[in-house]
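Trainee: Residue numbers (numbering that gives the first Met the number 0), protein chains in the order written: chain W, 0 to 359; chain L, 0 to 359.
Read the hints as simulated data drawn from the structure, not as lab findings.
Treat the hints with caution; some may be incorrect.
Identical chains share a label here; the pair holds if one copy fits it or two copies do between them.
Computed list of lysine-lysine pairs in BS3-like fashion (alpha-carbon distance at most 27 Å, straight line) [stated by the list, open to error]:
1. 237 - 344
2. 235 - 74
3. 90 - 317
4. 325 - 344
5. 344 - 253
6. 162 - 149
7. 237 - 74
8. 237 - 76
9. 88 - 317
10. 259 - 149
11. 323 - 344
12. 235 - 344
13. 165 - 109
14. 259 - 109
15. 149 - 344
Protein chains: 2
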Amino acid sequence: MHKTLWREIKKEKNYLLAGKPVPRLLILNAGSRNHLIRCFLKSWAEQGEIIVSDSYPLAPSLYEDCRSFIIPFYKHKNYTEAILDLCEKQKVTGVLSLIDPDLSILSELKTEFASAGILAFISEEWIVKATFDKWEMFKVFEANHIPTVKSWADLSEFLNDVKNGKAGYPIMVKPREGSGSRGLHYIESEETLISVWNNAIEPMLIQRWIEGRELGADLYFDIYSGELIEFFIKEKLKMRAGETDKSVSLRDEKAENLLKRLSRNLALYGPIDVDLFITAHDDYLISEINPRFGGGYPHAYACEADYPGLILQNMQGKHLTEQKIKWQSGHYMMKFFDMVFIDDKTRRNAGEEIKQQEEN
Amino acid sequence: MHKTLWREIKKEKNYLLAGKPVPRLLILNAGSRNHLIRCFLKSWAEQGEIIVSDSYPLAPSLYEDCRSFIIPFYKHKNYTEAILDLCEKQKVTGVLSLIDPDLSILSELKTEFASAGILAFISEEWIVKATFDKWEMFKVFEANHIPTVKSWADLSEFLNDVKNGKAGYPIMVKPREGSGSRGLHYIESEETLISVWNNAIEPMLIQRWIEGRELGADLYFDIYSGELIEFFIKEKLKMRAGETDKSVSLRDEKAENLLKRLSRNLALYGPIDVDLFITAHDDYLISEINPRFGGGYPHAYACEADYPGLILQNMQGKHLTEQKIKWQSGHYMMKFFDMVFIDDKTRRNAGEEIKQQEEN
Numbered sequence: 000m001h002k003t004l005w006r007e008i009k010k011e012k013n014y015l016l017a018g019k020p021v022p023r024l025l026i027l028n029a030g031s032r033n034h035l036i037r038c039f040l041k042s043w044a045e046q047g048e049i050i051v052s053d054s055y056p057l058a059p060s061l062y063e064d065c066r067s068f069i070i071p072f073y074k075h076k077n078y079t080e081a082i083l084d085l086c087e088k089q090k091v092t093g094v095l096s097l098i099d100p101d102l103s104i105l106s107e108l109k110t111e112f113a114s115a116g117i118l119a120f121i122s123e124e125w126i127v128k129a130t131f132d133k134w135e136m137f138k139v140f141e142a143n144h145i146p147t148v149k150s151w152a153d154l155s156e157f158l159n160d161v162k163n164g165k166a167g168y169p170i171m172v173k174p175r176e177g178s179g180s181r182g183l184h185y186i187e188s189e190e191t192l193i194s195v196w197n198n199a200i201e202p203m204l205i206q207r208w209i210e211g212r213e214l215g216a217d218l219y220f221d222i223y224s225g226e227l228i229e230f231f232i233k234e235k236l237k238m239r240a241g242e243t244d245k246s247v248s249l250r251d252e253k254a255e256n257l258l259k260r261l262s263r264n265l266a267l268y269g270p271i272d273v274d275l276f277i278t279a280h281d282d283y284l285i286s287e288i289n290p291r292f293g294g295g296y297p298h299a300y301a302c303e304a305d306y307p308g309l310i311l312q313n314m315q316g317k318h319l320t321e322q323k324i325k326w327q328s329g330h331y332m333m334k335f336f337d338m339v340f341i342d343d344k345t346r347r348n349a350g351e352e353i354k355q356q357e358e359n
Numbered sequence: 000m001h002k003t004l005w006r007e008i009k010k011e012k013n014y015l016l017a018g019k020p021v022p023r024l025l026i027l028n029a030g031s032r033n034h035l036i037r038c039f040l041k042s043w044a045e046q047g048e049i050i051v052s053d054s055y056p057l058a059p060s061l062y063e064d065c066r067s068f069i070i071p072f073y074k075h076k077n078y079t080e081a082i083l084d085l086c087e088k089q090k091v092t093g094v095l096s097l098i099d100p101d102l103s104i105l106s107e108l109k110t111e112f113a114s115a116g117i118l119a120f121i122s123e124e125w126i127v128k129a130t131f132d133k134w135e136m137f138k139v140f141e142a143n144h145i146p147t148v149k150s151w152a153d154l155s156e157f158l159n160d161v162k163n164g165k166a167g168y169p170i171m172v173k174p175r176e177g178s179g180s181r182g183l184h185y186i187e188s189e190e191t192l193i194s195v196w197n198n199a200i201e202p203m204l205i206q207r208w209i210e211g212r213e214l215g216a217d218l219y220f221d222i223y224s225g226e227l228i229e230f231f232i233k234e235k236l237k238m239r240a241g242e243t244d245k246s247v248s249l250r251d252e253k254a255e256n257l258l259k260r261l262s263r264n265l266a267l268y269g270p271i272d273v274d275l276f277i278t279a280h281d282d283y284l285i286s287e288i289n290p291r292f293g294g295g296y297p298h299a300y301a302c303e304a305d306y307p308g309l310i311l312q313n314m315q316g317k318h319l320t321e322q323k324i325k326w327q328s329g330h331y332m333m334k335f336f337d338m339v340f341i342d343d344k345t346r347r348n349a350g351e352e353i354k355q356q357e358e359n
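Full structure from sequences and hints, please.
Mentor: If you want it as structure tokens, here you go:
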């Protein structure tokens with residue numbers, strides 16, 4: 000059933016075609032991002048190889064039409080060693096990850112990867128780490144004069160600002176290291192705030208409540224220069240279980256100008272996912288940065304913002320310059336569930352790939 | 000962009016091919032069930048026509064490769080009239096719905112549909128209505144000696160049973176008319192139970208807490224005789240936001256025998272979705288019946304339990320008898336997000352289909 004074995008053999012032969020290694024990208028913890036893997040396969044055609052990995056044999060992306068490996072869970076003590084080992088054995092020339100816990104790991108290993116001739120598509124360590132803590136990120140935004148949602152990490156400072164008329168209710172209270180909709184509290188009074196604050200089991204953050212439109216943006220920064228190469232902006236039309244279910248592309252000059260300010264100061268490299276707000280008063284704010292492909296990136300790809308193609312060019316050693324924007328407003332994306340079906344033998348084969356890897 | 004216009008014309012010509020109407024199935028409120036629509040299109044090939052409808056122009060299923068119509072929202076006062084009108088104008092010969100609020104409506108109209116020569120793939124009104132209320136359903140299961148999860152709709156009866164040693168904690172408390180994971184309470188003490196019960200804003204139900212394995216089954220009952228024709232059973236391996244994310248097919252004699260007891264007494268017709276438990280003590284229980292295609296039905300289809308094919312045969316006037324089961328244990332299903340992309344013009348075209356329909 001593993002129809003890609005022939006491909007493995009073919010690619011092995013081609014590895015040093017014309018004296019140059021074939022670009023080989025290892026995608027770590029691809030989970031259920033099958034659609035993104037398909038964007039890569041389509042964009043790359045036969046110009047290089049995509050290798051998919053996950054720690055869970057029932058991750059549907061493992062069954063896309065490319066070679067796949069089971070890797071240890073990211074918390075495993077040998078995780079880093081296993082990844083580096085896999086890269087070496089599979090002659091990987093580029094690496095990126097689709098899950099947040101990997102991002103710090105990759106950013107720490109960036110130099111090590113580089114010395115092994117592997118491009119890691121990841122931003123600088125300090126910004127990667129800042130994006131995990133909403134309070135750290137708020138300070139980074141402020142220091143770089145990037146408009147964002149006013150935040151407080153200190154209860155008495157907030158209460159003082161209320162007293163001085165510099166703050167008011169309603170507010171959002173959320174974990175500093177939360178994600179999705181975990182631990183969100185919409186709060187309208189001091190009494191509730193104090194009760195939530197005192198009962199929190201992790202560091203919390205107070206944020207001004209924003210009434211307005213939610214946008215998402217997909218950006219690509221050249222892996223060598225850190226210059227913004229291309230961007231795509233969509234308005235979020237409908238959310239479902241914390242994810243964008245429907246969106247529409249949006250050319251908007253103010254939002255575009257704001258994104259362009261996420262320049263080299265922020266040390267962003269490769270694919271980046273950004274959340275924005277347009278407030279009821281037509282203020283534009285950046286609320287969050289995720290230094291990886293966002294879940295809705297395929298919308299950008301469908302509108303010809305081809306980041307897998309840019310990654311391929313970077314892996315071929317090309318330094319990129321700003322691309323002409325092709326997409327327009329009014330292109331809609333709607334999600335639905337597709338499914339992968341496999342028999343038990345195929346599943347066991349996926350499992351065997353680890354064993355092989357461990358035995359080699 | 001509406002590539003199916005030619006198909007419409009072609010089908011119009013074929014409508015009375017060989018003196019018989021072409022089977023035409025209208026699927027109401029198909030929402031984001033694109034994968035199911037694709038099962039129908041694949042199974043039916045060119046033997047009939049699938050027509051998809053939804054009230055929301057951004058329902059992704061509207062953009063599958065078949066004709067689609069925007070219908071009123073199900074709460075709209077003209078909903079029934081609009082559906083009947085659409086059926087007449089589009090020479091529909093069969094109808095089914097994918098959302099729960101439609102099921103009662105369809106079951107009430109079953110005779111009216113029949114007199115217009117339209118087969119409604121829906122169970123009898125009384126059982127459809129019972130499935131909406133967990134307490135009604137419990138009584139139906141008890142009356143038919145079908146093992147189910149012990150339930151109480153009366154607080155003092157439950158407390159009395161605790162006193163007599165016939166009941167105990169933990170329990171689940173849930174709305175009688177709830178669905179998904181809405182309003183669920185896992186309760187371990189009388190004190191919490193009384194507080195939850197007294198603060199509930201809708202009728203609640205107490206259920207014994209079941210520790211065990213969760214199964215799902217997809218059944219098909221002949222639309223004429225109500226006989227069980229075919230079934231598919233899967234074990235739920237992973238849930239996500241109230242939906243089955245990963246499952247595996249399971250041949251299990253006890254579960255199969257239990258499903259076979261859902262016979263004509265229950266007045267089930269067409270496609271049915273059933274939830275089961277295997278308790279830690281190896282008891283088999285049926286916990287819920289949904290008289291429609293379940294969200295995970297494509298798993299059954301991938302294992303050759305072809306209910307769209309059975310629906311086609313029923314629409315061709317064939318009475319069905321029990322089918323030989325082809326599927327085996329160990330076939331896995333894993334969900335991932337796929338996406339539909341459309342431009343603004345296509346979206347507006349979908350909208351225009353209502354207007355046309357309203358103007359005609």
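Trainee: Using 27 Å as the alpha carbon limit, work out where residue 323 and residue 344 are close: within a copy, between copies, both or neither.
Mentor: This pair counts as between: shortest inter-copy Cα distance 24 Å, intra-copy 47 Å.
Trainee: Which holds for residue 162 with residue 149 at a C-alpha limit of 27 Å: within a copy, between copies, both or neither?
Mentor: within (16 Å within a copy, 56 Å between copies)
Trainee: Go through the copies and call it for residue 149 and residue 344: within, between, both or neither, with a Cα cutoff of 27 Å.
Mentor: neither (54 Å within a copy, 39 Å between copies)
Trainee: Should residue 88 paired with residue 317 be assigned to within, between, both, or neither, using CA atoms and 27 Å as the limit?
Mentor: Close inside one copy (25 Å), not across copies (59 Å); limit 27 Å.
Trainee: Given a CA cutoff of 27 Å, do residue 165 and residue 109 count as a within-copy pair, a between-copy pair, both, or neither?
Mentor: Close neither inside one copy (42 Å) nor across copies (63 Å); limit 27 Å.
Trainee: Can you tell me if residue 237 and residue 76 fall within 27 Å by alpha carbon in one copy, between copies, both or neither?
Mentor: between (40 Å within a copy, 26 Å between copies)
Trainee: Is the C-alpha distance from residue 237 to residue 344 at most 27 Å within one copy, between copies, in both cases, or in neither?
Mentor: between (39 Å within a copy, 20 Å between copies)
Trainee: State whether the alpha carbon distance between residue 90 and residue 317 is at most 27 Å within one copy, between copies, both, or neither.
Mentor: within (20 Å within a copy, 59 Å between copies)
Trainee: Could you place residue 259 and residue 109 in one of the four classes (within, between, both, neither) given a Cα distance threshold of 27 Å?
Mentor: Within one copy, since 25 Å is at most 27 Å while 60 Å is not.
Trainee: Treating 27 Å as the Cα threshold, decide for residue 237 and residue 74: within, between, both or neither.
Mentor: Intra 34 Å, inter 21 Å, cutoff 27 Å: inter-copy only.
Trainee: Within a copy, between copies, both or neither: where do residue 235 and residue 74 come within 27 Å Cα-Cα?
Mentor: Result: close only across copies, 26 Å inter versus 33 Å intra.
Trainee: One pair to classify: residue 235 and residue 344, alpha carbons no more than 27 Å apart. Within, between, both, or neither?
Mentor: between (41 Å within a copy, 19 Å between copies)
Checked against the numbered hints above, the structure violates hints 13 and 15; every other hint is satisfied.
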